[in-house]
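So the sequence lines, in the order shown, correspond to chains A and B. Numbered by numbering that gives the first Met the number 0, the letters in the first sequence go through residues 0 to 252 in order. Numbered by numbering that gives the first Met the number 0, the letters in the second sequence go through residues 0 to 284 in order.
Just so you know, the hints here were simulated from the structure itself, not pulled from any lab data. The structure presented is a predicted model; accordingly, all values stated were derived computationally and were not measured. There may be inaccurate statements among the hints.
As the list claims (entries may be wrong) - Listed below are the simulated SDA-like cross-link pairs for lysine to any residue, each with C-alpha atoms no more than 20 Å apart in a straight line: (1) A:Lys-83 to B:Asn-177; (2) A:Lys-62 to B:Lys-39; (3) B:Lys-184 to A:Met-100; (4) A:Lys-78 to B:Glu-158; (5) A:Lys-5 to A:Lys-111; (6) A:Lys-62 to B:Ile-96; (7) A:Lys-111 to B:Arg-97; (8) A:Lys-17 to A:Lys-78; (9) A:Lys-62 to B:His-98; (10) A:Lys-17 to B:Lys-184; (11) B:Lys-184 to A:Arg-113; (12) B:Lys-184 to A:Ser-64; (13) B:Lys-99 to A:Tyr-58; (14) B:Lys-39 to B:Thr-260; (15) A:Lys-62 to B:Glu-169; (16) A:Lys-62 to B:Ser-179; (17) B:Lys-100 to B:Lys-184; (18) A:Lys-111 to B:Ser-179; (19) B:Lys-275 to A:Tyr-58; (20) A:Lys-111 to B:Lys-100.
Claimed, not checked - Computed, partial: chain B to chain A, Cβ under 7 Å: (21) Leu-95; (22) Gln-134; (23) Gly-166; (24) Leu-167; (25) Ala-170; (26) Ser-173; (27) Lys-178; (28) Ala-182; (29) Arg-188; (30) Ser-242; (31) Glu-247.
The beta-carbon is built from N, C-alpha and C at its ideal position, and this holds for glycine as well.
The lines below spell out each chain.
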Amino acid sequence: MDSQTKIEIRDLNVFAGKTQILRNINIDIPKNKITVILGPSGCGKTTLLKCLNRLTDLYPELKVSGQIMIDGSNILVAKEDIYKLRQQMGLLSQRPYPLPMTIYNNIAYALKLRGIKNRRETHKLVMHYLQQANLWEEIRTRLREPASRLSIGQQQRLCLARGLAVNPEIILADEPTSALDPISSQFIEETFLKLKNDYTIVLVTHVLRQAKRIADNVVFMYLGDVIEQGSVEEVFGNPKMEKTKLYLGGTFN
Amino acid sequence: MTRGQKIEEKVFKSLMIFATYFILAILAIIIYSIFEKGIKSVSWEMLTQIPKGGYYYGKGGGILNAILGSLALATGASVLAFVIGLPVALYLNVFLIRHKKVIDVIRFLLDLVWGIPSIVYGAFGFSLMIFFGLQTSLLAGILTVTLFILPIMIRSMDEILRTVPVGLQEAAYSLGSNKSEIAFKIFTRQSFSGIITAVLLSFGRGIGDAAAVLFTAGYTDHLPNGLLEPVATLPLSIFFQLSSPVPEVQNRAYASALVLTLIILIVSLFSRGLGKRYHKTKINF
């Protein structure tokens with residue numbers, strides 16, 4: 000791999016009771032690239048993503064073992080400051096969950112968690128992040144409205160802006176366009192391509208074309224295993240494993 | 000369908016229809032008789048004056064003492080139960096999230112105490128009063144009714160808080176929120192109107208109960224004047240007026256019942272309205 004590795008996943012195993020959801024996962028995620036995790040539903044993509052910012056802590060039935068090294072330190076160690084850790088990552092989920100407050104406060108809340116309370120600075124940064132998420136022009140006159148009144152596509156971009164506002168280094172996105180119309184999806188994809196200069200992006204998807212359009216690296220997963228990983232040219236152009244070929248050929252999905 | 004099945008279906012269907020309309024008819028009769036008997040005695044005087052000649056024999060004056068007493072008592076108890084109950088409901092849903100068994104046990108216990116009859120709370124409140132050397136008073140009544148409505152308050156808020164989507168919690172956690180922020184900024188806001196509904200529901204239960212206040216709040220012909228003085232309540236005013244030998248006073252009991260019913264009706268309509276709004280918009284803050 001030519002560039003620096005941001006996240007190293009080593010021997011990651013996740014059990015839910017007796018069912019194993021992830022099996023000996025080893026993945027290197029390079030810095031400032033878009034790494035796409037690809038695979039059919041139920042293969043453990045979302046669980047993998049939740050391990051990265053330890054949202055798995057919210058589910059007592061999940062037992063996580065192994066190592067996830069971010070910039071060289073293992074985040075699965077219990078004593079890590081979990082709240083700081085999560086601020087290193089912005090999360091974009093399958094469907095948008097705006098916080099129950101105004102559009103403006105959705106961003107201001109994230110800024111406050113980051114320690115920014117000064118009003119003028121807050122104003123400036125709210126505008127900055129809404130612009131970055133390609134939303135500012137549409138909603139600049141509606142900032143005091145409840146965020147729930149936005150359309151789904153706008154809500155998703157608001158969530159992206161909110162995720163960026165905690166000043167993360169990594170963006171985790173879990174099928175962020177699956178609930179969106181084509182135009183909003185395109186907005187999100189374009190934004191990702193712009194953002195990858197400054198952020199490491201991990202995108203979970205089952206849309207092959209989306210992966211082809213924006214991925215630098217691809218990790219193909221199937222039923223809790225990593226089947227194949229590599230650059231987008233390698234995995235799509237010359238898949239080595241039988242299962243990958245079948246999936247890319249559309250035989251199972 | 001065989002013939003047997005057809006008959007079975009018919010029998011059960013008519014049974015259900017009968018039961019439904021039977022119970023509706025009974026409710027209608029209750030409300031009608033309260034209105035019919037009460038409306039004659041409801042007057043401006045009844046609503047704005049205190050009893051003349053005693054609540055037992057007096058035909059004059061009104062039940063303002065009981066109206067204000069009930070409102071003060073139920074409001075005090077609802078506020079107190081809210082202050083205690085909201086943290087409990089939040090604790091269950093935010094802080095205990097990794098301990099599902101503990102949550103189950105607490106919910107089970109709350110459901111158990113929900114089922115305890117209010118007279119038992121009354122007796123318990125009475126024994127507490129003796130222990131603390133407290134007289135029958137508004138304060139003792141508030142404390143007892145608080146205990147009585149707490150399980151109702153906590154469990155209704157709990158059920159509302161449980162509906163906060165996991166995705167929203169994950170979104171808030173992923174921003175780096177800690178648990179108290181999740182509790183007070185996310186859960187309470189997301190469930191705001193549902194929480195108010197829970198408070199109003201508990202208020203309705205508290206204001207309508209006679210047994211919990213019988214030994215603890217006492218009764219008086221005077222308007223409520225202080226936490227440590229006895230206070231009249233509508234359920235007890237119904238009870239005392241109805242047990243009077245004087246027919247006019249008995250009729251006044253139905254007027255009191257009508258007033259109490261109307262208060263509860265208004266509160267229910269209010270909370271239903273809020274509930275509808277809650278389901279329509281989910282949030283909006």
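Hints, verified against the model:
no.	hint	verdict
1	A:Lys-83 to B:Asn-177	holds, 10 Å
2	A:Lys-62 to B:Lys-39	violated, 70 Å
3	B:Lys-184 to A:Met-100	holds, 9 Å
4	A:Lys-78 to B:Glu-158	violated, 33 Å
5	A:Lys-5 to A:Lys-111	violated, 26 Å
6	A:Lys-62 to B:Ile-96	holds, 15 Å
7	A:Lys-111 to B:Arg-97	violated, 27 Å
8	A:Lys-17 to A:Lys-78	violated, 26 Å
9	A:Lys-62 to B:His-98	holds, 14 Å
10	A:Lys-17 to B:Lys-184	violated, 36 Å
11	B:Lys-184 to A:Arg-113	holds, 16 Å
12	B:Lys-184 to A:Ser-64	violated, 32 Å
13	B:Lys-99 to A:Tyr-58	holds, 10 Å
14	B:Lys-39 to B:Thr-260	holds, 16 Å
15	A:Lys-62 to B:Glu-169	holds, 18 Å
16	A:Lys-62 to B:Ser-179	violated, 25 Å
17	B:Lys-100 to B:Lys-184	violated, 26 Å
18	A:Lys-111 to B:Ser-179	holds, 15 Å
19	B:Lys-275 to A:Tyr-58	violated, 31 Å
20	A:Lys-111 to B:Lys-100	violated, 35 Å
21	Leu-95	violated, 10 Å
22	Gln-134	violated, 46 Å
23	Gly-166	holds, 5 Å
24	Leu-167	holds, 4 Å
25	Ala-170	holds, 4 Å
26	Ser-173	holds, 4 Å
27	Lys-178	violated, 10 Å
28	Ala-182	violated, 13 Å
29	Arg-188	holds, 4 Å
30	Ser-242	violated, 51 Å
31	Glu-247	violated, 55 Å
In summary, the structure is inconsistent with hints 2, 4, 5, 7, 8, 10, 12, 16, 17, 19, 20, 21, 22, 27, 28, 30 and 31 from the numbered list given earlier, while agreeing with the others.
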